[in-house]
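> Residue strings, one per chain:
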Amino acid sequence: MPAIGPIGTSALVACHECDTLHRRVPLRRHALARCTRCGALLYSPPPFSAQQLFALVLGSLLVFMIAMAFPIVGLEVQGTRVSSTLPEAIWRLWDQERPVVAVLVFATTALFPLLELSALLYLLWHLLHGRCAPGFARVVGAVQALRPWGMIEVFMLGVLVAVVKLSHMAHVIPGVALWAFGALTFLLAAVVSFDPRHLWELAEDARP
Amino acid sequence: MNAAPGAAGAMGTSAAAGLLACRACGQLSRRPAADAPCRCPRCGARLRTRKPQSVARTWAYLVAAAILYVPANILPVMETRSLFGTQKDTILSGVAYLWTSGSPELAVVVFVASIVVPLLKMGALGYLAWTVQRGAARRRHERSRLFRLVEAVGHWSMLDIFVVALMAALVRLRVLAEIEAGPGAAAFGAVVVLTMLAAMSFDARLIWDHGRHHD
Chain A
1 MPAIGPIGTS ALVACHECDT LHRRVPLRRH ALARCTRCGA LLYSPPPFSA
51 QQLFALVLGS LLVFMIAMAF PIVGLEVQGT RVSSTLPEAI WRLWDQERPV
101 VAVLVFATTA LFPLLELSAL LYLLWHLLHG RCAPGFARVV GAVQALRPWG
151 MIEVFMLGVL VAVVKLSHMA HVIPGVALWA FGALTFLLAA VVSFDPRHLW
201 ELAEDARP
Chain B
1001 MNAAPGAAGA MGTSAAAGLL ACRACGQLSR RPAADAPCRC PRCGARLRTR
1051 KPQSVARTWA YLVAAAILYV PANILPVMET RSLFGTQKDT ILSGVAYLWT
1101 SGSPELAVVV FVASIVVPLL KMGALGYLAW TVQRGAARRR HERSRLFRLV
1151 EAVGHWSMLD IFVVALMAAL VRLRVLAEIE AGPGAAAFGA VVVLTMLAAM
1201 SFDARLIWDH GRHHD
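Taken in sequence, the protein lines are chains A and B.
The first sequence runs 1 to 208 under the numbering used here.
The second sequence runs 1001 to 1215 under the numbering used here.
The set of hints was computed from the structure by calculation and includes no laboratory data.
There's no promise every hint is true.
To be verified - Stretch-level coverage of chain B by chain A, calculated; a stretch enters the list once three of its residues show a Cβ under 8 Å from a Cβ in chain A:
no., stretch
1, 1018-1032
2, 1061-1067
3, 1123-1135
4, 1149-1160
In this text, a Cβ means the ideal position worked out from N, Cα and C, and glycines have one as well.
The task is simple: from the sequences and hints, build the whole structure.
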């Protein structure tokens, strides 16, 4: 394999969307660098420190557990009460012989968000101890690959639409997981504002 | 070399400067002389000047999505069984139900997410792939912005799938009413996934490449 020398991350940056080279300039907090040719986001300073992100991810995981374990909404019709958690809803789709839909809902609302949060927690735990996690590159790659497929915020809107539709048929009782999903939507929006590429900068600081 | 980086203001592309930008971590590397496959020295990801077969892949996913779009809209996504018989709802009749039952705001939200967004995505990606293939040089800023929009709104089309999943989970009062997900839901979910894959396959940098033909 031919030798390729890295030319220093801090010196230049190529636009992700039009490939134009720019010289990196230091940015103030909350400032963004945009491409001079196409206007795409070039880079921005990390919105959180490793400690802050770790706390945020840990909090998100706890809220995620609550959102999975408790009923989202309940229905009351003539004294009978029915409620459902997200895993139960997914199981029911599977039971109705809709495996494609069941797998899709499972992956986008449960599995992928859980994997992404766990991967971030693992990477940050090691970074906070001043070292690179084993398999660092692969795990960062997994976070980047999973990110577009996590759809908790869309699911949250789906819950609201379903609640309105169901309220025409029966009395709807909001469940614990409804509030948990609401909180999770905000927590994940904050987590996602952290570009996984910043992990490489943190890793370089961690390396001796 | 006139395209060498460092000339203030007029910096070209990384490809023209003999550099490769890593898609995973952003690191720039010098391109080796031979066209041998190489990896990012920092993160080990495969380095390529452009995504391979980008336009052909985008078309393939788009065609598949367009084919499945037909059953996704014709077949019912939700089947309601009650004392009064079975009612089958397609995506569009679900929107109509929301509109007539006194929730026009939500009808608009679902209409945008389930009808407008998938059509916009397929139309926009088709337009982008076609103009790139023709080597069009006009309206680059607009096309660039269009692509960013398509990427940003893509996953919101999954909305109706989640609504159906919840309705089916909750309405299971054997005597009174029961709701099941219909075959259209699977087709619709597949359309959303395929259009997202189409957007991911498309290399936005092709919009800005001058007069070069790809794939």
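> Taking the hints in turn, state whether each one holds.
Verification of the supplied hints:
1. A count of 13 residues in the stretch 1018-1032 of chain B with a Cβ less than 8 Å from any Cβ of chain A is obtained; the coverage claim is therefore met, three being the minimum.
2. For the stretch 1061-1067 of chain B, the stated coverage by chain A is not satisfied: 0 residues place a CB nearer than 8 Å to a CB of that chain, which falls below the threshold of 3.
3. Remark: the stretch 1123-1135 of chain B is not confirmed as covered by chain A, as 0 of its residues place a Cβ nearer than 8 Å to a Cβ of that chain, below the required three.
4. Check on the stretch 1149-1160 of chain B: 6 of its residues sit with their Cβ under 8 Å from a Cβ of chain A, so the three-residue criterion for coverage holds.
This entry does not satisfy hints 2 and 3, going by the numbered hints stated previously.
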